[in-house]
Amino acid sequence: MFDSNSIIVGLEVGTSKVCAVVGEQTNEGALNIVGLGQARSTGVRKGEIIDARATEENIRAAIVEAEHMADVEIRSVYLGVSGSHVRGFNNRGVHPVVSADREITEDDVQDVVKNARTINLPADSTVLHAVRQHFLVDGHDGVTNPVGMLGGRLEVDVHVVHGNLNRLQNAIRVVKGIQLDVEEVVFNGLAASLALLTPEQKELGCVVMDIGAGTTDYVVYVDGVIRHTGVLAVGGDHVSNDLSRGLRVPLSRAEQLKIEHGSAFLDDAARGQEITINNSLGFPERTISLENLRRIMALRLEEMFELVAQDIEEANLTDYLRGGAFLCGGAARIPRIAELAEDALQMPVSLGKSNSISGLKSALDQPEFAAAIGLVKFGSLKARRQQTGPSILGTVKKFLKR
Amino acid sequence: METPAIPTPEPAPAPARCSLKIIGTGTAGVALLAQLRAGEFLAAQFVAVDSITIAPGEIEKIEIAKSLLGGRGSHCSEPGKVEIEGQFNAVKAACADCDTVFILAGLGGRTGSWMSAAVARAAKEAGAQVFAFVTLPFDCEGSVRFSQARQALDRLKAHCDFLFIQPHQDFCAQHAESLSLTEVYAPSNRRLLAAVRHVATALTGSTIMGIGFSDLCAMLRDRGAQVMFAVAGSDGANRAGAVIEELLAHPRLNAGKLLAGAETVAVSLVGAQDLRMADVNKVMSELGNHWQNTSHLLSASVGAAAQGPLGALLLIVTQEAAQTASRLTAPAGGAKEISESSTFATHYLPDETKSPPRFSTAAGESTPPSAPRMRGSRTRKESPRLRQGQFDLDTINKGRFEKSEPTIHKGEDLDVPTFIRRGVVLN
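As given, the protein sequences belong to chains C and D, one line each in that order. Going by this note's numbering, the residue at position 7 of the first sequence is 7; the numbering climbs one at a time, nothing skipped. Going by this note's numbering, the residue at position 234 of the second sequence is 234; the numbering climbs one at a time, nothing skipped.
Please keep in mind that the hints were generated in silico from the structure rather than gathered at the bench. Be aware that one or more of the hints could be misleading.
If the Cβ cut is set under 8 Å, some of the chain D residues that face chain C in the computed set are [claimed, not checked]:
hint, residue
1, 87
2, 88
3, 90
4, 282
5, 400
6, 419
7, 425
8, 426
Straight line, CA to CA, 20 Å or less: simulated DMTMM-like cross-link-like pairs of lysine to aspartate or glutamate [unchecked claim]:
hint, chain 1, residue 1, chain 2, residue 2
9, D, 410, C, 65
10, D, 92, D, 141
11, D, 282, D, 245
12, D, 257, D, 215
13, D, 257, D, 245
14, D, 410, C, 311
15, D, 410, C, 138
16, C, 382, C, 183
17, D, 257, D, 235
18, C, 176, C, 311
19, C, 176, C, 314
20, C, 17, C, 57
21, D, 92, D, 63
22, C, 382, C, 51
23, D, 410, C, 314
24, D, 257, C, 24
25, D, 403, C, 313
26, C, 176, C, 28
Per label pair, the in silico range of CB-to-CB distance [said to hold, decoys possible]:
hint, chain 1, residue 1, chain 2, residue 2, range
27, C, 286, D, 403, 45 to 55 Å
28, D, 179, C, 166, 27 to 37 Å
29, D, 403, C, 313, 58 to 68 Å
30, D, 158, C, 117, 32 to 42 Å
31, D, 410, C, 124, 56 to 66 Å
32, C, 166, D, 410, 24 to 34 Å
33, D, 403, C, 198, 17 to 27 Å
34, C, 310, D, 288, 50 to 60 Å
35, D, 288, C, 90, 32 to 42 Å
36, D, 409, C, 250, 24 to 34 Å
Glycine included, C-beta positions come from ideal geometry on N, C-alpha and C.
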């Protein structure tokens, strides 16, 4: 049994699955994944809870499985959230340095960040994250840590991620309903990027796309800091729904066909080919066109990437993404999706892997667990900050902002 | 006794085949017909089909008994009631000797809504090419008339080669302050009749550049939905400039911004023998400044006259316009929308203008591009300017997302399958 103080649990309540990942923080600060539990999600649509009771049961099942595997008792979790209501934008905060010697202190930094968070959000929205990008001292740009510098005016650019308060509260209430504490609510896209990216990749500039069943969350890093986030409420479920409609098969069969015969590319080999599908007794029921199946999938996925590319373009960040794009989430398993994404995004694309964390190989290699693993990493960073006290706060935040 | 030889009478010469017949149905349709006739548009024969034929004397009349339409106030009477064989055959006989039939009607009312489809069917069965020019009610006229109009469009669509739809609401904002209630129909009627004249000229003239107008319409008909149109005409030295100015003044074009977001723009230019390449170049280059990368097609035709005005007709296919218009005009009851499949881009346009380029589509099948939307379900602030109306053919079932919050991105409902929205026809 692990020391419960060193246990960090990430809980992702997704559209297709609920996933709980248990991590152990070693004394040396390393993070080790020791448990994983998952359950089919039946109460979530497009990343948002539509059936609290069903979701509660799903979470309970996933937590129990994770507890058994890790041999721990889970008391609190870092909760991952997504949904079309989650949005991000950049904001600047200003703070005058009033001390006599004009030396910028940690308090000044805290104040300017607080000012940057104070923005006119809709009444029903709340700030999830305010991630520091860089400081300006007396208008001088590009300062990463102003503490100790002299100046009269301190400014900071932050990336603010916010969401609808009620919808976020719904998720929190469901988790609390099964006697679990929520340590913090974290945007899934941010969590996935923490799991997948190295500091070098963030420095190069890249985008992480977590393509789940209900939503596609993406986070753009430029020069080591988050510059843009977004949620597209389109995911693998839309692919299945398109297949169901286009091939005239039930949704469950469409889902099965997607997994067994799907591909992001319509290649020549698929043209003219047919797939025979059997009925419940195992007898051939009908045939469907493989070409149509793949065409439908390719169209939806291509559109998804195009919309993300368009959003990044509108943020004027495309030219800064020298590190390319990293895909994760369940839809990243679709064969040849990286090729399609390369075409649509016009940049190198690869499947993301949680390289910077050790532990369960079965979890770390799976793209669909990236967000949950990232939640654990987020928790470990926060725990380290709490353990080391306020003087390390800046370091942790610096890490977080990556 | 020899019987005197009886001289064999010479066979009577067959009546000359009329190239164009224009049929007005209902009160609004007949009024449009009368305006057209009064404007000395002589290149056609005119027929009025109405329950009360008060058309001018030189217009052929086919009277519909009021009883067949169920009497006054019977807005919901079934179309079958008016398609009584006698009336139907009369219309069919009237169309038997012509190549092209234009139908003018105001939809939303009684006779026009029910009879226009019957007339279209009769004309089609008589072997004519059928174009319908119809108006839609004002927004303030209520959901019943909208529902009636949309159902009429649905019926009409099945028998027409191309539909030109002019909602009265289009010019309401521009003229509401200055016009009296009796004059408020005039701006949209004027545009619709200008389109009639343009299409008649384009069909009867010789296509010199680009593709023929009939082919253009056939392509756009396959492209789907009713296509937005804007029409303009001008004479004089700077006629191309004036035409552009008039086109861009159309409220739905939003000073040309709509062209930039359009999927396809077809330009039909008509003129007399004095139509110059400079005119064509100027119109196309000026429009090109607005549409940028939008796929476009040109049809330039000239008539027999030595001199005449330059006329331009824009046919614009844009998904956003369809959805905006659908939002603007959808009845409260959620009446069925209409549209067709898209094979236009893949078959007729250069590869670089298509999206997506990777896939080919097959012709012939029809797919509905967008989901129905309830009137008033979106806030009005999203549509500051009125846009072109397009109507989808079938109701889209969004499957598992039917009851979930729609994912709207730039006016497009992403819950609707991509292959449907992009008009890709599955084999």
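Cross-check of the supplied hints:
With a cut of 8 Å, the hint placing residue 87 of chain D at the interface with chain C is violated, because the nearest CB-to-CB distance is about 41 Å. The restraint placing residue 88 of chain D at the interface with chain C is violated, with a minimum CB-CB distance near 37 Å, outside the 8 Å limit. Given the 8 Å rule on beta carbons, the hint for residue 90 of chain D is violated: about 44 Å separates it from the nearest Cβ of chain C. Against a cut-off of 8 Å between C-beta atoms, the interface hint on residue 282 of chain D is violated, since the closest Cβ of chain C lies about 33 Å away.
This hint holds: residue 400 of chain D has a C-beta 5 Å from the nearest C-beta of chain C, less than the 8 Å allowed. Interface hint status for residue 419 of chain D: upheld, as the beta-carbon distance to the closest one in chain C is roughly 5 Å, under 8 Å. Annotation: residue 425 of chain D was flagged as interfacial toward chain C, and the flag is violated, the nearest CB pair being 10 Å apart, outside 8 Å. A cut of 8 Å between beta carbons decides the hint on residue 426 of chain D: the least distance to chain C is about 5 Å, and the hint holds.
Simply put, residue 410 of chain D and residue 65 of chain C have alpha-carbon atoms about 42 Å apart, too far for the 20 Å limit, and the pair is violated. Between residue 92 of chain D and residue 141 of chain D, the direct Cα distance comes to roughly 33 Å. Violation of the 20 Å bound is thereby established for this hinted pair. Under the criterion of a C-alpha separation no larger than 20 Å, the hint pairing residue 282 of chain D with residue 245 of chain D is consistent with the structure, at around 12 Å. The suggested pairing of residue 257 of chain D with residue 215 of chain D is violated, with an alpha-carbon distance near 27 Å, which exceeds 20 Å.
Using a Cα cut-off of 20 Å, the hinted pair residue 257 of chain D and residue 245 of chain D holds, with the two alpha carbons roughly 14 Å apart. At roughly 11 Å between alpha-carbon atoms, residue 410 of chain D and residue 311 of chain C fall within 20 Å of each other, so this suggested pair holds. Restraint check for residue 410 of chain D and residue 138 of chain C: not satisfied, since their Cα atoms lie roughly 40 Å apart, outside the 20 Å limit. With a C-alpha separation of about 10 Å, the suggested pair residue 382 of chain C and residue 183 of chain C falls inside the 20 Å cut-off, and the hint holds.
Annotation: proposed proximity of residue 257 of chain D to residue 235 of chain D is violated, straight-line Cα distance about 26 Å (limit 20 Å). Taking the CA atoms of residue 176 of chain C and residue 311 of chain C, the gap is near 35 Å; set against the 20 Å cutoff, the hint is violated. With a C-alpha separation of about 39 Å, the suggested pairing of residue 176 of chain C with residue 314 of chain C is violated against the 20 Å cut-off. For the given pair, residue 17 of chain C sits about 12 Å from residue 57 of chain C by alpha-carbon distance, which is consistent with the 20 Å threshold.
Proposed proximity of residue 92 of chain D and residue 63 of chain D is supported: the alpha carbons are some 14 Å apart, at most 20 Å. Distance restraint check for residue 382 of chain C and residue 51 of chain C: the Cα-Cα separation of roughly 31 Å exceeds the 20 Å cut-off, and the hinted pair is therefore not satisfied. Restraint check for residue 410 of chain D and residue 314 of chain C: the C-alpha separation of about 13 Å stays at or below 20 Å, so the hint holds. Distance hint between residue 257 of chain D and residue 24 of chain C is unfulfilled; the C-alpha atoms sit about 57 Å from each other, more than 20 Å.
For the hint pairing residue 403 of chain D with residue 313 of chain C, the CA-to-CA distance comes to about 32 Å; that exceeds 20 Å, so the pair is violated. Among the hinted pairs, residue 176 of chain C with residue 28 of chain C is inconsistent with the structure: their alpha-carbon atoms are about 31 Å apart, more than 20 Å. Roughly 28 Å separates the CB atoms of residue 286 of chain C and residue 403 of chain D, a value that falls outside the hinted 45 to 55 Å. At about 48 Å, the CB distance of residue 179 of chain D to residue 166 of chain C disagrees with the hint of 27 to 37 Å.
Evaluation of the 58 to 68 Å hint for residue 403 of chain D and residue 313 of chain C yields a failure: the beta carbon distance comes to about 33 Å. Judged by the Cβ atoms, the range 32 to 42 Å given for residue 158 of chain D and residue 117 of chain C is violated: they are separated by roughly 59 Å. Roughly 24 Å separates the CB atoms of residue 410 of chain D and residue 124 of chain C, a value that falls outside the hinted 56 to 66 Å. At roughly 26 Å, the beta carbons of residue 166 of chain C and residue 410 of chain D sit within the given window of 24 to 34 Å.
Look at residue 403 of chain D against residue 198 of chain C: about 43 Å separates their beta carbons, and that is not inside 17 to 27 Å. Between residue 310 of chain C and residue 288 of chain D the beta carbon distance is about 23 Å. The supplied range of 50 to 60 Å is therefore violated. Hint check: residue 288 of chain D to residue 90 of chain C, Cβ distance near 36 Å, so the stated range 32 to 42 Å holds. About 27 Å separates the C-beta atoms of residue 409 of chain D and residue 250 of chain C, a value consistent with the hinted range of 24 to 34 Å.
Going through the hint list in order, the structure does not satisfy hints 1, 2, 3, 4, 7, 9, 10, 12, 15, 17, 18, 19, 22, 24, 25, 26, 27, 28, 29, 30, 31, 33, 34.
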